[in-house]
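2 protein chains.
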Amino acid sequence: MCQLLGMNANTATDLVFSFTGFARRAEEHKDGFGIAFFEGAGVRLFVDAQSASTSPVAQMVRSYPIRSSHIVAHIRKATQGAVLLENTHPFVRELWGRYWVFAHNGNLVDFHPRLHAAFRPVGSTDSERAFCWLMQELAKAHASVPSVAELTTTLAELAPIAARHGTFNFMLSNGQALWAHCSTHLHYVERQHPFGRAKLQDEDMSIDFATVTTPDDRVAIVVTEPLTQDEPWTAMKPGELKVFVDGKAVR
Amino acid sequence: MCQLLGMNANTATDLVFSFTGFARRAEEHKDGFGIAFFEGAGVRLFVDAQSASTSPVAQMVRSYPIRSSHIVAHIRKATQGAVLLENTHPFVRELWGRYWVFAHNGNLVDFHPRLHAAFRPVGSTDSERAFCWLMQELAKAHASVPSVAELTTTLAELAPIAARHGTFNFMLSNGQALWAHCSTHLHYVERQHPFGRAKLQDEDMSIDFATVTTPDDRVAIVVTEPLTQDEPWTAMKPGELKVFVDGKAVR
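Same order as they appear, the protein sequences are chains A and B.
As numbered in the working numbering, the first sequence has no gaps in its residue numbers, which increase by one up to the final residue, 251.
As numbered in the working numbering, the second sequence has no gaps in its residue numbers, which increase by one up to the final residue, 251.
The shape of chain A in the complex, shown without the other chains (with noise of 0.2 Å):
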């Protein structure tokens, strides 16, 4: 299984200390990394094939804090798909003039939507295959841009139909919101003022987030498994879909 980590903010926040902790999860789930930052309407993504634990793709990420206000992240361990570039997430495409941004955490079986239009995975994953059926249906369903309320009611009539196939943790991203679907496993906390001190789970390392931020700054982490000891992370439910848009859960 693979592990998932998403960033909303209201304000352009950099990831450096999430992903530091995150990253060291990498040890174990070692099939590759990326990680999708949002300028923007525009989008880096840093892909690498190698263990964000050896990476120097994610060596240069946990160094240089690219400020964002929507990313998302994946460290993989192969379930299905060989360990190669193209079965890395996260996946983009582009729909309606925006980029989108997918990764999953799961196993799909015998997942084969009829992809008949625009989008068509490159690589050999469910996860890339679950993707390019979702952005096909959402094409489908909105004429343009819809606004997040819509995009989250039709992504909410979609992700029941994959998840009959199995485990379908995933984030979705246009640089607007931030979508998690919960099969599994997955946290979320909401850091605002007054902010607090944390201390990774996974790294000796902690942070005074009152000394980075500003009373208005709100940001919302989501994450398979919670990244700090002393905050208060809340377990989403199986089935449950959560949409982030400036650093707070608004469904």
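No lab work stands behind these hints: they were computed from the structure.
Values in this document were obtained by computation on a predicted structure and should not be read as measured data.
A virtual CB, placed ideally from N, CA and C, is assigned to each residue, including glycine.
It is possible that some hints are incorrect.
Quick list of in silico lysine to any residue cross-link-like pairs, SDA-like style, CA-CA up to 25 Å [said to hold, decoys possible]:
#1 A:Lys77 - B:Tyr99
#2 B:Lys77 - B:Pro160
#3 B:Lys77 - B:Trp96
#4 B:Lys30 - A:Gly40
Covered stretches of chain B (chain A as the covering partner; in silico rule of three or more C-beta atoms under 8 Å from a C-beta of chain A) [what the hints assert, rightly or not]:
#5 36 to 43
#6 119 to 125
#7 164 to 172
Following the hints, put chain B in place on chain A, whose structure we already have.
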């Protein structure tokens, strides 16, 4: 204007030497840079709205020898579109289950083709608009991924249509071939056995390719202006479209 750099090789090759000389030109072309590496069917795209001469991402690319058989790089001096990540070349789209990478040097005036299909620009450049149009027209002309020769025929019909609107030097790759279209300035060199020494134009750095190659290796480099002093660069002609496969011009 911007500058383009492309590589096509019959074996995975790193571009550290050429990119070092190319990035030096970014002191003038400072409005962002990007480089895309195919690895099998997968693509790694590194983009930064910072100059390649100062960007930490470019620094990593200069020091981490990523080996690839198809590379497209671009340093930007903005003509149309603000200095934003979404306007930074190369651009990537998926068609027929393959990734396509495109970078443009030039300026297309009043080029607003009807984009009714699955490819829409995210940013505001003439370049991304031209790429979306090329993808749309390729998708219309062929039902599934055609041969390199068929693609070349279609591209040779399409390129002059956009080129009527201005300067249209571009590079396009799908990981099988590298296409280069010249409106004004593009040069290429084919390196093969017996390999010799080369010295960069832009920096005091030499390489003896014989020490880093095998006799079977073949590498073609395509670039706006020749990168080295002592190699037989060929200037492409206005309106010429070349396609490089396995390190060799085949048209």
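The hints, checked one at a time:
1. A:Lys77 - B:Tyr99: Within the cut-off at roughly 24 Å; holds.
2. B:Lys77 - B:Pro160: 24 Å, holds
3. B:Lys77 - B:Trp96: Violated, at roughly 32 Å.
4. B:Lys30 - A:Gly40: The hint holds at about 19 Å.
5. 36 to 43: holds (count 5)
6. 119 to 125: holds (count 5)
7. 164 to 172: violated (count 0)
When each numbered hint is compared with the structure, violations occur for hints 3, 7.
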